[in-house]
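Top to bottom, those sequences are chains A and B.
Residue numbers for the first sequence follow numbering that gives the first Met the number 0, so the first one is 0 and each next one is one higher.
Residue numbers for the second sequence follow numbering that gives the first Met the number 0, so the first one is 0 and each next one is one higher.
Hints listed in this document are in silico derivations from the structure and should not be mistaken for laboratory results.
You can trust all of the hints, since none of them are fake.
Covered, in the sense of this in silico footprint (three residues per stretch, anywhere, with C-beta under 8 angstroms from a C-beta of chain B), are these stretches of chain A:
(1) 24-37
(2) 267-277
(3) 291-298
Quick caveat: nothing in here was measured; it's all calculated off a predicted structure.
Note that CB positions come from ideal geometry on N, CA and C, so glycine has one too.
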Amino acid sequence: MAVSTTHRRPGALTRRGSRRPVRPGLWHFLTFAAPGTLVYTCLVLLPIAMSVGYSLTNQALLRPNTRFVGLRNYALLFKDDTFLSSLRVTTILSLIVVIVPNVLGVAIAVVLDRRGWLYNALRSVFFTPMVISSVVISVIWTRVLADDGPVNQGLRALGVSEPPGWLSDPDIALYSLSSIVCWQMLGFCVVVYLAGLQGVPQELAEAAAIDGAGPLRRFWKVTWPLLAPALTINTVVLLISAFKIFDHVKVITNGGPGTGTTASVAFVVLQEGFVENRTGYASAEAVVMLVIIALLSVVTLRILQRREVQL
Amino acid sequence: MTGSRLPWVRPLVALVIGAVFFIPLYIALINVFKASGQVARDTMSLPAPPTLDNLVRVLTDPDSLFWSSLRTSVVVTSLSIVILTVLSAMLGHYLARHGQWWSRAVMVLLLCGLMIPPQVILIPVTQVLKSLGLMSTLQGLVLFNVGYYVPFGVFVFSGFMKGIPRELEEAAAIDGATRWQTFWRVVFPLLRPATASVLIFLGVWIWNDFLNPLIIYGPREGTTIMTGVYKSLGQYAADFGGMFALMFLATLPILVFYLLLQKQFVKGLTGGATKG
Chain A
0 MAVSTTHRRP
10 GALTRRGSRR
20 PVRPGLWHFL
30 TFAAPGTLVY
40 TCLVLLPIAM
50 SVGYSLTNQA
60 LLRPNTRFVG
70 LRNYALLFKD
80 DTFLSSLRVT
90 TILSLIVVIV
100 PNVLGVAIAV
110 VLDRRGWLYN
120 ALRSVFFTPM
130 VISSVVISVI
140 WTRVLADDGP
150 VNQGLRALGV
160 SEPPGWLSDP
170 DIALYSLSSI
180 VCWQMLGFCV
190 VVYLAGLQGV
200 PQELAEAAAI
210 DGAGPLRRFW
220 KVTWPLLAPA
230 LTINTVVLLI
240 SAFKIFDHVK
250 VITNGGPGTG
260 TTASVAFVVL
270 QEGFVENRTG
280 YASAEAVVML
290 VIIALLSVVT
300 LRILQRREVQ
310 L
Chain B
0 MTGSRLPWVR
10 PLVALVIGAV
20 FFIPLYIALI
30 NVFKASGQVA
40 RDTMSLPAPP
50 TLDNLVRVLT
60 DPDSLFWSSL
70 RTSVVVTSLS
80 IVILTVLSAM
90 LGHYLARHGQ
100 WWSRAVMVLL
110 LCGLMIPPQV
120 ILIPVTQVLK
130 SLGLMSTLQG
140 LVLFNVGYYV
150 PFGVFVFSGF
160 MKGIPRELEE
170 AAAIDGATRW
180 QTFWRVVFPL
190 LRPATASVLI
200 FLGVWIWNDF
210 LNPLIIYGPR
220 EGTTIMTGVY
230 KSLGQYAADF
240 GGMFALMFLA
250 TLPILVFYLL
260 LQKQFVKGLT
270 GGATKG
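Here chain A stands alone, though its shape is the one from the complex:
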C-alpha cells in the first residue's frame, strides 16, 4: 500500500544538497509533534488513568477523607439495579442503533445511487440531521411525539381513540428514543454507503446480468460484498455513538418515564458523578463502560475486516 509515495529510488535523492538531518531532530519534534501530544496526554490519557485511580477509592464530594477501597466499587456495581438496568438500556439502544440505520442506509443509498438534481437534493435532506445538534433534534421530536403532538393527532384522525404515549409509556419510551437516534444517524450511513457504491465497478454488475442474475441476486453476490468497508465504518461509528448517547436521554426523558427506563450507561455515569457527586463510584462505572466499548469495538472491527479481506 502507498508504495509509490514512500518508496525512494536509491541514490536518486541524497541528502548532500540539504544541510538538515534526515532523522527528525528534537526541535522538529517539539514544534510539530509535542503540542498536540501534550494536550491529548493531559486531557485524555491522564484522565483515563485518573478514572482508574478514583474508581479504587470512596471519593465523594461530601466525604472529607477519601481512602483506598480496592475493588469494592466494582463489586457493588454488579449488585446495583440502576447500573445493571443502564447496561440493559444501552444494549437495546446499541442493537437498534447499529442495525436499523445500516439496513435502511443501504436501501436508501441504492435508491439514491443515480445522478441528477433530485438525488443530490435528497442526499442533502438525509444528511441534514447530522448537522443539527442532538439537543435541537431532541426538542423537535419531543414535540412531534408528544401526547397531543402531530403523530397522535394523526392517529386520532384515523380513528385510534387512545394512541400510545410514545415518550411517556415506560414500555415504549426506549424504542421511541432509539428511533430518534436512528433517524439522526441515518444520513451518515447513507453517505458512506453511497461512497461505497461509487467504488463498485459497473462491469461486474453487467457481467452478472449477462450471466442471468436478477437484481436481488446481483445485489447480494456483487454489490453487497464490495460494500464491506462501508459496513465496517458504519457499524463501528454507530456502535461508538450509541454508547455515548447522553443528550437525547437528558433532553427527551431525563432517564424516565418511571425509574431508569431510558437511562443509558453514559447518562448514569454523569448522574452519579455530577449530580450525586459519588466520584469514586461513578469512575468505576466509567471504567466498566470504557472496557466494554473497547472490547466491542475491537471484536466488531476484527470480524468485519476479516470479511473485507476475503475479496
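Since chain A is already given, all that's left is putting chain B on it; use the hints.
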C-alpha cells in the same frame, strides 16, 4: 431492472422516502413562523398568516440569552477548530512521515482516543482543569476540545498525507527551506480537502456540543448556544413558537457554515472512506 421498464418508479420511491424523512424538519421549520397558539393547535399546517414575531422575540429578549450564548459559541468554536487544525495537521504530518516505533505507538494511542466517550474522562478532566485554574472558563473548554478532538484531526490529516509525494518536501528542503517553511508553504496548501473536512466535522461537533460545555463551562459563567437552548426549555415551556425560533437561530450559523464547505467536505469524507 425496474429502472429501465418503469423509469418513474425510482424517483417516486426516492421522493416519498425523502418526504417522510423530512417531516420532523418541516415541522421545526414552519413553526418558527407561526403564532404560538397555532403551534399547539395544529403543528403540521402551514403558518396562517406567517409571522416573524417569534424570531423578533428571541432576538430582542431582555436577557439577551441568544446574543451572549451566540458570542460564546462563536468564540469557542472558531478558536477550537483553528487550533485543532494547526496542531493536528502538524502532528499528523510528523507521524505520517516518521515511522519510528514510538511514532507508531503515539498513532495507536491517538486512534484509541477516537472511541473514548467523554463521560469516561469528564470527572477527572474537571480536576485537571481546576488545577490549571481553567475550570468554568472559555479557555478551559477550548483546551478540552483540542485534547479530545485532536485524534480525529490527526487521523484525517495523516491518512491524507499518504497521497502527497515526499519528493515535494525533499525538493523544498534542497532549495533551502526549513521544515517549518516546507510544511506551511508546500504541504499545508496541498492538504486543503482534508482541512475542509476537519474544519467542518469539528465545527459541527463543537458548535452542537451540549455535554462538554454543560460540565466544563457550566451554567454559572454563561452558556454556549446549545446549553442555552437547553437552559431555556423551561422558559419556553408554553411558548412553542419562541422555542422553535431559538432553535432555528441556533442552528442557522452552523448550517450555513456546512453548506459553504459542503462540496469539499463530501470529497474529504469519501476520500477517507475509500482509503480506509
